[in-house]
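Trainee: Go ahead and model the full structure; you've got the sequences and the hints to work with.
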Amino acid sequence: MKFFYSPARSYVSFILFILVFLLQCSAPNDMQESLLGLTILPANATSSPSHPQTQWSRLIEMSGTTDSSGKIYSKKNRFLSEVANDVTSDSQGNIYATGVIEASAWDAYVGVSFIARYDGAGNKLWSKLFGNYVSDSVIGRLMIEDDIGIYVADTPNHVISKKITADIHGNIYIAGEIKDSLNGENKYAFIAKYDSLGNRLWERYLNDNARPTWVESITSDPQGNVYAIGPYANTYEHVYTFIAKYDGDGNIQWTKHAIDPQIQKTSVIFGKEITSDSQGNLYITGETEVISSEGKKVSNLFLTKYDKNGNTLYTKFLGNVGPGVYIDGFYNLPDTSGHGITCDSQGYIYIVGETNGNGLDNLAQIKNDPSAFIIKYDGNGNVLWTRLIDGSDDPYTIASDSQGNVYMTGNLYTYKNSTFDGQTVTYGDAFVIKYDATGRKLWTKLLDAEMSLYRSELHDSGTTRPTGLAIDLIGNIYVVGHSTDEALAGPYNSFIVKYDQNQF
Numbered sequence: 043m044k045f046f047y048s049p050a051r052s053y054v055s056f057i058l059f060i061l062v063f064l065l066q067c068s069a070p071n072d073m074q075e076s077l078l079g080l081t082i083l084p085a086n087a088t089s090s091p092s093h094p095q096t097q098w099s100r101l102i103e104m105s106g107t108t109d110s111s112g113k114i115y116s117k118k119n120r121f122l123s124e125v126a127n128d129v130t131s132d133s134q135g136n137i138y139a140t141g142v143i144e145a146s147a148w149d150a151y152v153g154v155s156f157i158a159r160y161d162g163a164g165n166k167l168w169s170k171l172f173g174n175y176v177s178d179s180v181i182g183r184l185m186i187e188d189d190i191g192i193y194v195a196d197t198p199n200h201v202i203s204k205k206i207t208a209d210i211h212g213n214i215y216i217a218g219e220i221k222d223s224l225n226g227e228n229k230y231a232f233i234a235k236y237d238s239l240g241n242r243l244w245e246r247y248l249n250d251n252a253r254p255t256w257v258e259s260i261t262s263d264p265q266g267n268v269y270a271i272g273p274y275a276n277t278y279e280h281v282y283t284f285i286a287k288y289d290g291d292g293n294i295q296w297t298k299h300a301i302d303p304q305i306q307k308t309s310v311i312f313g314k315e316i317t318s319d320s321q322g323n324l325y326i327t328g329e330t331e332v333i334s335s336e337g338k339k340v341s342n343l344f345l346t347k348y349d350k351n352g353n354t355l356y357t358k359f360l361g362n363v364g365p366g367v368y369i370d371g372f373y374n375l376p377d378t379s380g381h382g383i384t385c386d387s388q389g390y391i392y393i394v395g396e397t398n399g400n401g402l403d404n405l406a407q408i409k410n411d412p413s414a415f416i417i418k419y420d421g422n423g424n425v426l427w428t429r430l431i432d433g434s435d436d437p438y439t440i441a442s443d444s445q446g447n448v449y450m451t452g453n454l455y456t457y458k459n460s461t462f463d464g465q466t467v468t469y470g471d472a473f474v475i476k477y478d479a480t481g482r483k484l485w486t487k488l489l490d491a492e493m494s495l496y497r498s499e500l501h502d503s504g505t506t507r508p509t510g511l512a513i514d515l516i517g518n519i520y521v522v523g524h525s526t527d528e529a530l531a532g533p534y535n536s537f538i539v540k541y542d543q544n545q546f
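Residues in the sequence shown are numbered from 43 upward in steps of one, following my numbering.
Don't read these hints as lab results, they were simulated from the structure. There's no promise every hint is true.
Distance ranges between label pairs, derived from CB positions [said to hold, decoys possible]:
hint, residue 1, residue 2, range
1, ASN353, ASN424, 12 to 22 Å
2, LEU355, SER444, 20 to 30 Å
3, GLN97, ILE294, 14 to 24 Å
4, ILE333, ARG242, 38 to 48 Å
Note that the coordinates shown come from a computational prediction; the quantities given were computed from them, not determined experimentally. Cβ coordinates follow ideal geometry from the N, Cα and C atoms, glycine included.
Mentor: This is the structure:
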């Protein structure tokens, strides 16, 4: 070990020594012992982790946004919802949110997707709508004409942007699904690319032989390629997952089965999220259907790793195939599923999911309500540690930072005024939890107190869903989601919030 002389550090140490000496001499005798017991920390030492501080929060509002045909969207109907689904950040500190503007028009649901860019101070720089055409056929345009009517021009469809990612060049990709508004069936999957100024560069549509197809997740690699995964369904009981690679110009490079159903011999392979590492390897997670020891269908988590050419390197499963149990009169099967995945700078993989079984190193017992969990794997797919977030439900997303810390969001479905990590919660509260690389929980942040201002002024009830999470290069945290007033059964109000954990 090498030691270096630092005049500045020596000067600071000398001043601290004199200060402690003077305090000791002037303090009463009963204080001198505690003063002498002080530990002087070196300049690079850190104190115990503190909770992040809220920098700003914004209601996501798309009024005034112009679609590609030049029409201006305006919100004048209380049953119109702007639903934020995901968030990402770029290398310049800009933040991008995406989601869907949707409304119920008689018995049909129609909607268009949105993308919005914010700077680090929370100022909205621009917003765009997506949902005008597929292969030159109009698929829906949502316009609000007055306070009581919703007018839908052309053929109404439901265009839902579910995920967003940024590439190394600052370009933005959104992806999701297009549904038939009359019967709710999936028709197409889509991917759209924008530059940092909001100009749409291209869009691509996927459909597997007229079978329902949609995108659940997208990611980009260091070379500027983009990857999408999503299910396609033969029937409602037979669902499989594709993975597709595009270059930066939107040219398809290859498509693969996420897990070959002919090899795995299962009728359900539902891929939910994809991520990539610095070497261009890909990782996906989700759930697959297996048969339990008593012949019933249960869900198990899977993790699959691919190289950049789409060759499968390994697949790992996690879960329980044992029998179910009766709890409070309900028969419960040991289901386990993966919801989100991220890869840190060292090549470790983290998965967030939920389970009501006991397949996670016996950390959980079969019960009525599932609990969220987080798992860390090494690059070869070996489990390093598992953490159960008991008392929680509906984990949403996960992200890692440059220091190897990992963050997750989720919901708490528990009794009002109960506690979670020492904090009072309400039913439907949302949380963000931070862990270090060893699995030590550093802090828990509840969102309900801040997000309640986006609910109705008449009621303070409802559910907050933290659907998107991003960490920028300097450790700021961004969460998007939506909050609804269950008492009024009204629309969703979407939000974006920034937390600063660098204040000390």
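Trainee: With respect to the beta-carbon atoms only, verify the hint that GLN97 and ILE294 lie 14 to 24 Å apart.
Mentor: Violated - the Cβ-Cβ distance for GLN97 and ILE294, about 40 Å, lies outside 14 to 24 Å.
Trainee: Evaluate the given range 38 to 48 Å for the C-beta pair formed by ILE333 and ARG242.
Mentor: Distance hint for ILE333, ARG242 holds at roughly 46 Å.
Trainee: Does the Cβ-Cβ separation between ASN353 and ASN424 fall within 12 to 22 Å?
Mentor: holds (20 Å)
Trainee: Honestly, do LEU355 and SER444 meet the 20 to 30 Å range at C-beta?
Mentor: Cβ of LEU355 to Cβ of SER444: about 25 Å, so the range 20 to 30 Å holds.
In this structure, only the earlier hint numbered 3 is contradicted, and the remaining ones agree with it.
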